[in-house]
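J.: Single-letter residue listing:
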Amino acid sequence: MNDRTDIWRARLSEYLDGELATPERAALEEHLEECGDCRALLDDLRRVITQASRLVDSPPSEDLWTGIAERIRAEKPAGIDRGASTVTDRHRSREATRKLSFSMPQLAAAAVLLVTVSSGVAWQLAAGFSSRQEEVAGPAPTAVAGELLRVARVANLDYESAIAQLETALDAGRQNLDTATVRKVEERLALIDKAIEEARQALAADPSNAYLNHYLAGTMRRKLDLLRRTAALTET
Amino acid sequence: MPQGDPDLRDAALAAEGDDGAFERLYRRHVNRIHSLARRMAGPDAADELTQDAFVRAWQKMSQFRGEAAFGSWLYRVAISVILGHRRRLAIHRGREAPEESIRGGTPSHETSTQIGIDFEAAMETLPERARHVFVLHDVEGYKHHEIARFMKITTGTSKSQLHRARMLLRTSLA
Chain Z
1 MNDRTDIWRA RLSEYLDGEL ATPERAALEE HLEECGDCRA LLDDLRRVIT
51 QASRLVDSPP SEDLWTGIAE RIRAEKPAGI DRGASTVTDR HRSREATRKL
101 SFSMPQLAAA AVLLVTVSSG VAWQLAAGFS SRQEEVAGPA PTAVAGELLR
151 VARVANLDYE SAIAQLETAL DAGRQNLDTA TVRKVEERLA LIDKAIEEAR
201 QALAADPSNA YLNHYLAGTM RRKLDLLRRT AALTET
Chain E
1 MPQGDPDLRD AALAAEGDDG AFERLYRRHV NRIHSLARRM AGPDAADELT
51 QDAFVRAWQK MSQFRGEAAF GSWLYRVAIS VILGHRRRLA IHRGREAPEE
101 SIRGGTPSHE TSTQIGIDFE AAMETLPERA RHVFVLHDVE GYKHHEIARF
151 MKITTGTSKS QLHRARMLLR TSLA
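Taken in sequence, the protein lines are chains Z and E. Taking the numbering used here, the leading residue of the first sequence gets 1, the next gets one more, and so forth. Taking the numbering used here, the leading residue of the second sequence gets 1, the next gets one more, and so forth.
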């Protein structure tokens, strides 16, 4: 392989994408006629492009709408009158009636309530932080942001407490689940725990960052939701 | 109200606060958004980023004017959310340039030469920036000037990262 080949190898993607100027394209095609290595590499790159174009979209492993619905309840577009009770309003109302007992299903439902309250705090936090960054210069937002951050940290502690209780309860009911389900849940928990750890490490460097606090709360919400749904399975 | 395109009709309703219409939009587009998030940021972050993208879209519904297809608009919202998330996490880890943030590491010789290796799994091993450019260009069909704007890089960097990604991936198809 010579220097000329090295130069053209670096331009093969541009050639395939039709981004070489006419003189360069002609020169490269001349080189290709005499260079088997570059012709082989060109075929490889074509296969990569073809493979990428054939990828098929797939759905998430679980329905994400519930989590979205919880969040947009507090995120109605500005100026919108919510008017009559919506499906999500009624859903929230049902959730709010569940919080007075402590068996497994009730514990799971309480987790949902905690998710709702805490995610609302997190979004208030993020919204308040960003809007004030855009609209106000100076020290005015400090007190508000500081208070919201304090509340968010308390919410994260509440998440940890709820998660610990659900994990303990799940351990007790684990024998009621089939092996495949347990494996799938453990895989997903491992992924979520990794994301939580990632967020915590980032927060260690910047504890007052609103985005990171929101991200941590959201990731804990995912874990709570997974534990809650798994807990429900142990009861069936 | 738009009558023909169900997306336009539901987008108009969602902009007025109809979360049922927004749920229909979610159902029609979630596979594509989730696949984008999974390919760009990895499976562990895909669920959360998908939710973030739809919540952001909900917040911005009043800005959707119907000039472009709703799916295209939603996609750009999602790309912004995904890239913003990765950028912020990288910065707050103290790594300004997440360039060599490779999830799963560079393909080993054994892995890269396995016939029939899952192409998406191979994509996950790409360096982060090369993976983002590859997904946006070769999977999603964006142009380099669009990718450069999304990622705040030059078109030259976009081209070089795309070539780098293809060169790494070709071994997975050997």
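For the record, the hints were derived by calculation from the structure and aren't laboratory data. Don't take each hint at face value.
[Unchecked claim] From the structure, some residues in chain Z lie toward chain E, with a derived Cβ separation under 8 Å:
#1 28
#2 32
#3 51
#4 55
#5 57
#6 58
#7 60
#8 222
[As the list claims (entries may be wrong)] A partial selection of chain Z residues facing chain E, derived with a Cβ cut-off under 10 Å:
#9 19
#10 25
#11 29
#12 54
#13 61
#14 192
#15 194
#16 218
[Said to hold, decoys possible] Covered by chain E, per the in silico footprint, the following chain Z stretches (three or more residues, Cβ under 8 Å):
#17 37-50
#18 64-74
#19 202-215
Glycine residues also receive a C-beta, built at the ideal position from the N, C-alpha and C atoms.
J.: State the violated hints by number, sorted upward, taking the hints as numbered earlier in the document.
T.: Numbers 1, 2, 10 and 11 - these are the hints that the structure violates, sorted from lowest upward.
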